[in-house]
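So the protein sequences, as listed, match chains U and L. The first sequence begins at 8 in our numbering and counts up one residue at a time. The second sequence begins at 18 in our numbering and counts up one residue at a time.
There could be a bad hint or two in this list.
As the list claims (entries may be wrong) - Chain U stretches covered by chain L per the calculated footprint, using a threshold of three residues with CB under 8 Å from any CB of chain L: (1) 18–31; (2) 37–45; (3) 111–122.
Said to hold, decoys possible - Chain L residues, not near chain U, derived (Cβ > 12 Å throughout): (4) Gln248; (5) Glu294; (6) Asn296; (7) Glu342; (8) Asp347; (9) Asn375; (10) Pro380; (11) Asp401.
To be verified - Beta-carbon label-pair distances, calculated as ranges: (12) L:Ser403 / U:Arg275: 32 to 40 Å; (13) L:Pro145 / U:Leu50: 22 to 30 Å; (14) U:Gly28 / L:Gly160: 24 to 32 Å.
Calculated from the structure, these hints are not laboratory results. Even for Gly, the Cβ is constructed at its ideal location relative to N, Cα and C.
Residues per chain, in single letters:
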Amino acid sequence: MKFPGRGGKLREVFDRRDLLGLLVRRDLQARYRDSVLGFLWTLIRPIVQFLMYYLVLGQFLRAAEGIPQFAIFLFAGLTIYSFFAEMVQGSTTSILSNAGLVKKIYLPREIFPLASVGAAGFMFFVQCLVLLAGAVLFQALPAPVEMLWFFPSVLLILIYGLALGILLAALNVYLRDVQYVTDVVMMLAMWLSPIVYAWTMVSDAFNTLGLPAWAIEVYTDNPITLAVLGFRKAFWGAGMDADYPDDLLLRIVIAGLIGLVLLFISHRVFTRLQGNFAQEM
Amino acid sequence: MVLSPTPGPVVVRVDDVTKQFTVRKDNSLKERIVHAGRRGRAHKQEYTAVDGVSLEILAGTTVGLLGPNGSGKSTLLKLIGGIVSPTTGRVLTRGRMAALLELGAGFHPDLSGRENVFLNASIMGMSPTETAARFDEILEFSGIGDFIDTQVKFYSSGMFVRLAFAVAVHTDPDVLLVDEVLAVGDEAFQRKCMERIMRFRSEGRTIVLVSHSAAQVQELCDRGIVLKEGQMVFDGDVNDAVSALRDVLEGRRVGEAHALDSGKPIEITRIDVLDTEGNTREVVPTGSKMRVRIHVHARRPIPDWDMGFSIDTPTGQMVLASNTERLEVDLPSLEAGDSSMEFTIESANFGPGQYFVNANVWPVEPEDTHVMWQGARFTMEHTDDSIGTVAAAISVG
Chain U
8 MKFPGRGGKL REVFDRRDLL GLLVRRDLQA RYRDSVLGFL WTLIRPIVQF
58 LMYYLVLGQF LRAAEGIPQF AIFLFAGLTI YSFFAEMVQG STTSILSNAG
108 LVKKIYLPRE IFPLASVGAA GFMFFVQCLV LLAGAVLFQA LPAPVEMLWF
158 FPSVLLILIY GLALGILLAA LNVYLRDVQY VTDVVMMLAM WLSPIVYAWT
208 MVSDAFNTLG LPAWAIEVYT DNPITLAVLG FRKAFWGAGM DADYPDDLLL
258 RIVIAGLIGL VLLFISHRVF TRLQGNFAQE M
Chain L
18 MVLSPTPGPV VVRVDDVTKQ FTVRKDNSLK ERIVHAGRRG RAHKQEYTAV
68 DGVSLEILAG TTVGLLGPNG SGKSTLLKLI GGIVSPTTGR VLTRGRMAAL
118 LELGAGFHPD LSGRENVFLN ASIMGMSPTE TAARFDEILE FSGIGDFIDT
168 QVKFYSSGMF VRLAFAVAVH TDPDVLLVDE VLAVGDEAFQ RKCMERIMRF
218 RSEGRTIVLV SHSAAQVQEL CDRGIVLKEG QMVFDGDVND AVSALRDVLE
268 GRRVGEAHAL DSGKPIEITR IDVLDTEGNT REVVPTGSKM RVRIHVHARR
318 PIPDWDMGFS IDTPTGQMVL ASNTERLEVD LPSLEAGDSS MEFTIESANF
368 GPGQYFVNAN VWPVEPEDTH VMWQGARFTM EHTDDSIGTV AAAISVG
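Produce the entire structure from the sequences given, and follow the hints as far as they go.
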């Protein structure tokens with residue numbers, strides 16, 4: 008005898024991995040169905056965004072002057088950040104947009120935010136290819152060993168994306184404001200991490216302002232900042248040691264462990280709340 | 018009625034399950050904050066949909082959940098299916114479960130029929146290889162044909178439902194939960210659905226069915242559970258369940274006697290169904306002689322009077338009716354007080370199932386009819402020879 012809707016969740020989700028794959032494909036297929044350019048849109052949006060920041064910030068506002076290979080510097084940051092934002096925003100609405108299924112059929116509900124994360128992962132993968140092509144073209148790649156930074160930073164952003172996504176997905180069922188709050192916070196969070204500007208600019212500014220040393224630590228240890236810095240290390244070869252905080256890997260590992268605890272907690276909350284999903288929609 | 022194979026182990030156990038809903042009138046952050054604290058309680062309402070229900074369902078049985086609107090039968094089905102979790106108590110299940118709560122719930126309008134078949138089958142727990150193996154069968158059953166590669170948003174609603182049902186019945190569930198879905202599609206398709214569900218039964222699978230149609234439940238199920246305001250008021254043989262449902266619908270306590278004393282000059286006090294020996298029968302053999310005895314009470318002597326009877330199915334379909342006017346019989350004048358009269362049906366050729374007997378009496382002058390609805394109930398004995406609404410002796414030659 009088994010309890011539907013409880014216990015052995017990870018296993019249950021794992022058993023339904025075929026479905027997870029199909030749901031990810033459905034999301035992607037349905038997104039560009041009936042459009043002439045189809046999957047090209049996956050590229051067009053980030054490229055336009057990139058050009059906008061590159062021209063306005065880099066050239067007009069002259070941010071590019073202090074930063075060599077500014078194009079790659081910028082695109083690396085944007086790529087990993089948009090992965091995070093898409094994971095969180097997609098997951099937040101995932102339960103509601105699958106209301107038809109949630110109300111009528113028993114499935115481990117974690118599958119819906121996971122499918123959103125999967126779809127975001129696919130977009131991220133495509134963008135990474137573009138980034139790689141660009142980095143090769145501009146000869147901006149670091150030594151191959153440095154490129155291993157890709158893994159810890161992506162893992163870190165994935166842990167936080169999942170933890171936040173699962174939590175917000177459940178909360179959004181009860182309180183629809185969550186999705187709008189999320190949009191606003193995601194917009195803000197982008198400027199809270201060194202994506203379009205350099206980390207050194209922040210530490211310099213903090214020094215000039217005479218803020219205490221812990222202020223820069225707080226800023227740096229924000230997991231998004233850590234992931235952006237690590238990810239940039241993997242693709243942007245022009246960076247010096249001074250461009251990064253000390254012990255970056257250690258910071259990432261610690262943030263990752265904290266993230267796992269948060270992921271566990273947010274899943275507990277999700278499990279508690281999911282019992283009433285069907286009637287709250 | 019086809020008898021199920023021998024019931025197996027328990028596949029569903031519901032242990033003292035209660036489900037409460039909190040109905041909130043505020044759903045945005047602003048409203049929540051404004052109404053936080055003590056005033057918030059005015060914007061919340063507790064509603065108990067299922068109240069302390071315990072039951073066990075054995076493998077291979079077909080169970081019908083009956084009850085008026087809002088009695089909690091759909092909620093109970095969702096609890097069994099794990100779609101909502103109980104407030105208190107627990108639900109235990111065994112085996113693969115498919116919930117047919119809404120056909121095509123997982124269909125995505127922008128995907129083609131083929132893609133949706135794979136997606137929906139996967140939602141119901143089939144692997145892509147299993148689906149691929151049964152794909153032709155599914156396509157055949159649905160009768161969609163070449164449209165299978167068209168996006169489902171261009172399907173007619175009938176095609177949509179047919180494809181969804183085809184997927185659902187090909188997923189091989191051990192326990193099938195069905196909620197009113199059989200009320201869709203044209204007649205031919207409905208028949209196909211019924212046949213399929215019959216086949217599920219004969220394969221020894223378990224079916225839990227929610228339906229408003231007592232006739233459908235009677236046809237398909239061997240056990241009936243009646244709910245009223247979230248509580249289980251009856252659990253047992255499906256025919257008895259249908260009459261218990263009647264009692265619930267008419268606001269009576271289950272099994273309670275009919276109220277009398279209408280103030281009419283002649284009243285019916287009781288109706289009996291008897292056999293030729295004069296014994297009361299609950300089960301009537303097909304083709305036997307059957308007597309309907311109507312007990313009346315007259316307030317004063319009535320010289321000229323008439324009486325009649327009718328026999329209905331539980332859905333209210335009249336199968337036989339007559340009265341002394343039609344039969345051109347003059348009844349002997351009625352003394353004041355209690356007496357009784359009988360109609361004799363030479364050969365009861367009703368199809369298997371349950372029937373209700375109604376009767377009416379009236380003095381010729383002035384006419385003032387008293388009717389007793391469902392004064393008696395009987396079940397036509399089941400034979401394997403034939404099915405349908407009438408029974409007849411059939412020979413082959």
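> Failing hints, ascending?
Replying inline: Hint check: 12 fails alone, others pass.
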